[in-house]
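Engineer: Chain order of the listed sequences is A and B. With my numbering, letter number 234 in the first sequence gets 234, and the count goes up by one each step, no holes. With my numbering, letter number 24 in the second sequence gets 24, and the count goes up by one each step, no holes.
Treat the hints as calculated values from the structure; they're not laboratory data. Treat the numbers as computed from the prediction; the structure is a model and nothing was measured. Wrong hints could be hidden among the right ones.
[What the hints assert, rightly or not] A short, non-exhaustive set of chain A residues, derived as facing chain B with CB atoms under 8 angstroms:
#1 M47
#2 Y70
#3 A173
#4 M262
#5 T276
#6 L288
[Stated by the list, open to error] Just the calculated beta-carbon pair ranges, DEER-fashion:
#7 B:E120 with A:T248: 47 to 57 angstroms
#8 B:L182 with A:V111: 51 to 61 angstroms
#9 A:L83 with B:D168: 57 to 67 angstroms
[As the list claims (entries may be wrong)] Cut-off 25 angstroms, straight-line C-alpha distance, at most; resulting in silico cross-link-like pairs (DMTMM-like, lysine to aspartate or glutamate):
#10 A:K37 with B:E314
#11 A:K191 with B:E169
#12 A:K191 with A:D204
#13 A:K37 with B:E210
#14 A:K37 with B:E213
#15 A:K67 with B:D152
#16 A:K191 with B:E314
#17 A:K37 with B:E120
#18 A:K67 with B:D168
#19 B:K209 with B:E120
#20 A:K37 with B:D31
#21 A:K67 with B:E169
Don't be surprised by glycine CBs; every beta carbon is placed ideally from N, CA and C.
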Amino acid sequence: MTPNVTTPGRVQQAIPGQWWKSTQLTLSMTTQRRIVKGIGNVLLLLMLLWTAIPFYWMIATSLKHDKEIYGYEATLIPQQPTLANYATVFRETPYLLFLRNSIIVATGSTVLSMLIACLGAYAIARLNFPGRAFLARGLVFTYLVPTSLLFIPMFAMMSALRLTDSLHGLTIAYLGFDVPFCTWLLMGYFKSVPVELEEAALVDGCNRVTALVRIVLPLALPALVVVTFFSFTHAWNEFLYAHVFTSTNSARTITTGLANFMSADVFFWGPLMASTILSALPPVIMFLVLQRWVVQGLTLGGVKG
Amino acid sequence: MATSTPVSIPIPSSRPALSWQNRLQRFLLLDSTLGYLFLLPALLVILGLVAYPFANAIVMTFQNKTAGAPGRFIGLANYRELLANPVFWRVIINTAIYTGFGVGLKFFLGLGMALVLNQERMCNNLFRSFLLIPWAIPTVISALNWRWIYDDASGLINNILVRLNLIDETISWLSDPHLAMLAVIVVVVWQGTPFFTMSFLAGLQAIPKELYEAAEIDGASVPQQFFYITLPRLQPIFITAIMLSAILTSASIQFVYILTNGGPADRTQIFPTMAYNLALGGAQRLGMGATVSLFFFPILVVFIIFLTRRMLREKGE
């Protein structure tokens, strides 16, 4: 690293304590770039490890026999990999029931909230009526109110309506956060569809309803896919409502079901880790497939933090 | 019917019916009618599943309601009891620490990750996909996995530390009063960093390359480019991401519930878990639980209102 002063241009006075404001860094641009690149690669390696290790431990544990999991013979790498834990999950636990419940609730609430949200978002994005701005504000506001402020009165309400411990009840409860969320996201996407296309359709004899169905929805199809993904994973990953509103396995979803495995007397980490991997796969696969659009969608108003 | 209006008999009935339908159709297709009609289902959902429960929560804080029994009005007794409870003060401090450190660390790690991923490199897309996966998996699963990593006897961390002869006795990460909060925050950060990474990465990619080229010609060093171009350009995203994360982090129950359930000795108790334990664990005091939640609403609402305005402005409302 030869110090040189080949950097052209203005030369500022160095300000003590604010070294970065000074141009008089004695490193050439290429050297600076190389250093930044090097630091970047090291950081990337650390971050990959930080992200990977918990996943590794999850997968490794799920492939071990109990004697490799607990006690003095515990290993870091499975010596005799086995799928026995996966077999246990399917044969001896109600995992498949939880899986079925999760699929029903996530699909049901996603379909319903997409229907409701498409209409609502279109109204806010395109139609002109008094109170529109107020309703838009109300939607964002409700989207931001966390469920942990609402679960106690919701529990009381669901109990009074006899909707606890039922998949219908859970599906309905999920609409409370899914609908404002989907409406908000779709609103942004609908606004990005050029108004001119719709105006042309209106002139050609479409009305608002047919314009929505024939022009706006097809053009916003990628957005619909992404929002469906968000809504589905949101419901799939939800824990608090599922945990509070269910008390028997018949209506438990994966998240609360697995949390309940843990509070059973015996910790069976092998099968538990196997079932967590199985439960994480659907959202992860969907995420990897839709990744590019998901990242774009996030900039339109954030999802979960 | 027909006899009372004999005039209508000779006229083909389709005519007046059509005009009636037409008028209804035209009325329904008015922007304002259609607007309310389209928003009606969403409004019903919000009223029934957000507004009503919320109002109900406020009522409950003045009642001694328990699960399955109607509540009786008891004035401010819940509030008084809560303020006299030392655990509640502990919870306020815990929630602040948990949220502050959690969001802060997520922010810096996320910014670092985004900057690194924004560099040009082979297979960068692959690395990006991988680093974002913790965001996609259910939080409960991250929490369960980490609970196993922290396990006293056979967890990964103790396993490695013992192998390396760094410790003689295994460390109880989740039941040591000094370590428990730290251990929980680590999990929150692991799970939540990708959200910041994604937001910042999108922001970084939106900065025009010309700015950096121009700065370079003017002789700006790499740190200068970072502090004078990158940071100011990202600032709006910073604020939105931090506020959103602060709301969701402070209100998230899964991590604490699964890792420690508030223990040891309420060292990791935060407001959602305290509300949960009061309302649904043991005595089922719904009124008391609602009071705990509601206490935090004024703080949250400041964030929520601010963020609502911001998000609407960004979308040109």
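Engineer: Compare the structure with each hint and give your call.
Structural biologist: The hints, checked one at a time:
{"no.": "1", "hint": "M47", "result": "holds (6 angstroms)"}
{"no.": "2", "hint": "Y70", "result": "holds (5 angstroms)"}
{"no.": "3", "hint": "A173", "result": "holds (7 angstroms)"}
{"no.": "4", "hint": "M262", "result": "holds (6 angstroms)"}
{"no.": "5", "hint": "T276", "result": "holds (4 angstroms)"}
{"no.": "6", "hint": "L288", "result": "holds (6 angstroms)"}
{"no.": "7", "hint": "B:E120 with A:T248: 47 to 57 angstroms", "result": "holds (54 angstroms)"}
{"no.": "8", "hint": "B:L182 with A:V111: 51 to 61 angstroms", "result": "violated (42 angstroms)"}
{"no.": "9", "hint": "A:L83 with B:D168: 57 to 67 angstroms", "result": "violated (36 angstroms)"}
{"no.": "10", "hint": "A:K37 with B:E314", "result": "violated (33 angstroms)"}
{"no.": "11", "hint": "A:K191 with B:E169", "result": "violated (60 angstroms)"}
{"no.": "12", "hint": "A:K191 with A:D204", "result": "holds (21 angstroms)"}
{"no.": "13", "hint": "A:K37 with B:E210", "result": "holds (20 angstroms)"}
{"no.": "14", "hint": "A:K37 with B:E213", "result": "holds (17 angstroms)"}
{"no.": "15", "hint": "A:K67 with B:D152", "result": "holds (16 angstroms)"}
{"no.": "16", "hint": "A:K191 with B:E314", "result": "holds (12 angstroms)"}
{"no.": "17", "hint": "A:K37 with B:E120", "result": "holds (9 angstroms)"}
{"no.": "18", "hint": "A:K67 with B:D168", "result": "holds (22 angstroms)"}
{"no.": "19", "hint": "B:K209 with B:E120", "result": "holds (13 angstroms)"}
{"no.": "20", "hint": "A:K37 with B:D31", "result": "violated (55 angstroms)"}
{"no.": "21", "hint": "A:K67 with B:E169", "result": "holds (21 angstroms)"}
Violation of the numbered hints given earlier is confined to hints 8, 9, 10, 11, 20; the remaining hints are satisfied by the structure.
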